[in-house]
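**Q** Starting from the given sequences, assemble the full structure and let the hints guide the process.
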Amino acid sequence: MIDLLADRLYYLVSFLLLGVGTYMLIANRNVVKKVIGMNVFQTGIFLFFITSAFVTGASPPLLTAPEPYVSPLPHVLILTAIVVGVSLTAVALGLVVRVYEEYGTLNEQAIRQVSHDE
Amino acid sequence: MSDLPPLVVALPLLGSVTVLLAGLVRPRTGWPITVATALAQVVAVGTLATRAFGDEPVRYVVGGFSRPFGIELVVDGLSASMALLVAVVSVGVLAYARTAGPRSNPFYATYLLLVGGLTGMSITGDVFNMYVFLEITGLTAYALVASGDGGRSALAALKYLLVGTVGASLFLLGIGYAYIATGTLNMYDLSNQLAADPAGYTDPLVQAAFGLLVVGLFVKVAVFPVHTWQPTAYAGAPDSVSAFISALVSTVAAYALIRIVFTVFTVDFLAANGLAQTVLVAAAVVSIVVGSLLAVSQTEIKRMLAYSSVSQFGLVLAAIAVANTTALTGAAIHLVGHAIMKGGLFLTSGLIATETGARSIDGYDGLAERLPSGAGAFGVLALAMVGVPPAVGFVGKWYVALGAVEAEAWPLAVVIFASTLLTLAYFARIVERMYFREAPEPAASVESTETGATTAVVTDGNGPTGDHTSGSGPRVSLGMRAAVVGAAVLAIVLGVAAFQYGQLLEPTIERLLS
Chain A
1 MIDLLADRLY YLVSFLLLGV GTYMLIANRN VVKKVIGMNV FQTGIFLFFI TSAFVTGASP
61 PLLTAPEPYV SPLPHVLILT AIVVGVSLTA VALGLVVRVY EEYGTLNEQA IRQVSHDE
Chain B
1001 MSDLPPLVVA LPLLGSVTVL LAGLVRPRTG WPITVATALA QVVAVGTLAT RAFGDEPVRY
1061 VVGGFSRPFG IELVVDGLSA SMALLVAVVS VGVLAYARTA GPRSNPFYAT YLLLVGGLTG
1121 MSITGDVFNM YVFLEITGLT AYALVASGDG GRSALAALKY LLVGTVGASL FLLGIGYAYI
1181 ATGTLNMYDL SNQLAADPAG YTDPLVQAAF GLLVVGLFVK VAVFPVHTWQ PTAYAGAPDS
1241 VSAFISALVS TVAAYALIRI VFTVFTVDFL AANGLAQTVL VAAAVVSIVV GSLLAVSQTE
1301 IKRMLAYSSV SQFGLVLAAI AVANTTALTG AAIHLVGHAI MKGGLFLTSG LIATETGARS
1361 IDGYDGLAER LPSGAGAFGV LALAMVGVPP AVGFVGKWYV ALGAVEAEAW PLAVVIFAST
1421 LLTLAYFARI VERMYFREAP EPAASVESTE TGATTAVVTD GNGPTGDHTS GSGPRVSLGM
1481 RAAVVGAAVL AIVLGVAAFQ YGQLLEPTIE RLLS
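Chains as they are written, first to last, in the working numbering: chain A, 1 to 118; chain B, 1001 to 1514.
Hints in this document: simulated from the structure, not taken from any laboratory.
You may find that some hints are simply not true.
Some chain B residues close to chain A (C-beta under 8 Å, calculated; not the full set) [unchecked claim]:
| # | residue |
| --- | --- |
| 1 | PHE1128 |
| 2 | VAL1132 |
| 3 | GLU1135 |
| 4 | LEU1139 |
| 5 | ALA1143 |
| 6 | ALA1146 |
| 7 | GLY1150 |
| 8 | SER1169 |
| 9 | LEU1172 |
| 10 | GLY1176 |
| 11 | ALA1181 |
| 12 | LEU1294 |
| 13 | LEU1402 |
| 14 | TYR1501 |
| 15 | LEU1504 |
Being a predicted model, the structure only gives us computed values, none of them experimental.
Glycine is no exception: its CB is placed at the ideal position from the N, C-alpha and C atoms.
**A** See below:
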């Protein structure tokens, strides 16, 4: 059991991040913190990909380094996903600024009371 | 012209940059450039589509890296239909948006980016590439929803962004699982690898990958329990944007779902995993029933139309769960038909709101007298959506229902037939109000003048229109009318042509199911 945990610790941490992120996204009333929760959630997924590329005792995927190499593909994928994540955060924060200008608060419940939407 | 597949993705992206750059020099060039790009896109996709409806799909290897290492673009009948739908609807909505819509250059640039993202999603043959296009589509859709005035659209966009990102992230996680299980990202290679492995279909890793990919796309399609972003987003967005997004974004996401379920995981996976099929059926039934019930309880037209989408995509989901040729043909027809009808309905509701200020169901009382063209278009499109025979809504539902009967999925078949009645439940009351009730005495906000001519001057009411134009001047342009009438005519014409289209699609569907 302990061995298994030690072996899979990285996966465990990345899924813990997924949980933390989802919780923040749902439970937090501050919209900025919701955006942070979204970031934590995505980071969990990024770390999951990076962990999956790891090979024990392998070197970075450079031609000058000796074989075996860690898998470079997940790194490339995650570079792309990070770019996507940054743009998402930028758009989200832009929207948060507009929401704040409009309602004067970042608290979701207060916004709902002000706007009477739904 | 063998470089056509990457061109149809690159063209809107280039157009988008051109709009921004040209806007720096001459601010009023946004609309002409966007229209030119959209028309060129129709021609390019049309040419591509003529070659795609064959026995073999058009394949294109990007950058000279062959399968399974590089990214591949695959255009078969279904992808071509989606890409063509995107191109045609984008032209129609542009005609409407010229006077009605947000008219800034950033809006047009984002609009073309969305067209590019949707086209890319339709023709890609690589799951990670699909994720990237899914996010491009998502990002631009959030931005477009936020292009309305006021806090409501910003709030709707933020909600859409948070929920949509979770969906897309789950999709990414599913890709990760599938990649770990097979070591490839190419769709065809993935399905071969899964088929080659004897334990492949019941491997927990593969099952988890399927679950995550499907649930991620459920969020984007807006299937019942995860649909909550949709009504707020559609109601908060400007009219042209809600028409465009409702017609295309969920549709292409549903196309992606078909791609993932049948091209990547194949029907054998569904056969080996009864639970997966059960979940699809359950999601379909719940979406159809609850979506309709929620639609009935709405008073705001745009929210009602949004909930109607939830229920209509339940039908597509039902077709995926049934998984036979007839049902999938129905799904393809219904995807195209729903896009035309729902986009048209949103445009019509926008037109009606611009001319009479009516945005809730009460405002539609006696509309046939005040605004015959608008009421007529709305009536035709609503009945088409219900599934009255010559219209395209009928053909799609007919095929899906027939497929369910062929598969002897009786409970599902009953729900599909009942869905017609449920759809009638929320559209009939509007048609009744429009044609059989007296118009209210001219109240404070409503005052419309001549409606037969192409221009109508409306005194500016206090209705919450999302327009930049304020005060006097023609508010309803020829383009707006043309887009609305075009959608209504198309909903009927496509219905007549849909059976031929179904036959044309047959090799594609056969390949999906093999």
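**Q** Determine for every hint whether it applies to the structure shown.
**A** Consistency of the hints with the structure:
Residue-level restraint check for B:PHE1128 holds (minimum Cβ-Cβ distance to chain A is 6 Å; threshold 8 Å). The restraint placing B:VAL1132 at the interface with chain A holds, with a minimum CB-CB distance near 6 Å, inside the 8 Å limit. Restraint check, B:GLU1135 versus chain A: the minimum CB separation of about 5 Å is within 8 Å; hint holds. Hint on B:LEU1139 holds. Least Cβ distance to chain A is approximately 6 Å, under the 8 Å limit.
A hinted interface residue such as B:ALA1143 counts as satisfied when its beta carbon comes closer than 8 Å to some beta carbon of chain A; here the least separation is about 6 Å, so the hint holds. The restraint placing B:ALA1146 at the interface with chain A holds, with a minimum CB-CB distance near 6 Å, inside the 8 Å limit. Interface hint status for B:GLY1150: upheld, as the beta-carbon distance to the closest one in chain A is roughly 7 Å, under 8 Å. Proximity of B:SER1169 to chain A holds as hinted, the smallest CB-CB distance being about 6 Å (cut-off 8 Å).
The beta carbon of B:LEU1172 comes within 6 Å of a beta carbon in chain A, closer than 8 Å, and the hint placing it at the interface holds. Among the interface hints, the one on B:GLY1176 holds; its C-beta lies about 5 Å from the nearest C-beta in chain A, closer than the 8 Å criterion. For B:ALA1181, the interface hint is violated, since its Cβ never comes within 8 Å of a Cβ in chain A; the closest pair sits about 11 Å apart. With 8 Å as the threshold, the beta carbon of B:LEU1294 stays out of range of chain A, its nearest partner Cβ sitting at about 12 Å, so the hint is violated.
Here the hint on B:LEU1402 is broken, as its CB sits about 38 Å from the closest CB of chain A, past 8 Å. Proximity of B:TYR1501 to chain A is violated relative to the hint, the smallest CB-CB distance being about 35 Å (cut-off 8 Å). The beta carbon of B:LEU1504 comes no nearer than 36 Å to any beta carbon in chain A, farther than 8 Å, and the hint placing it at the interface is violated.
Of the hints listed earlier, those the structure fails to meet are numbers 11, 12, 13, 14, 15, in rising order.
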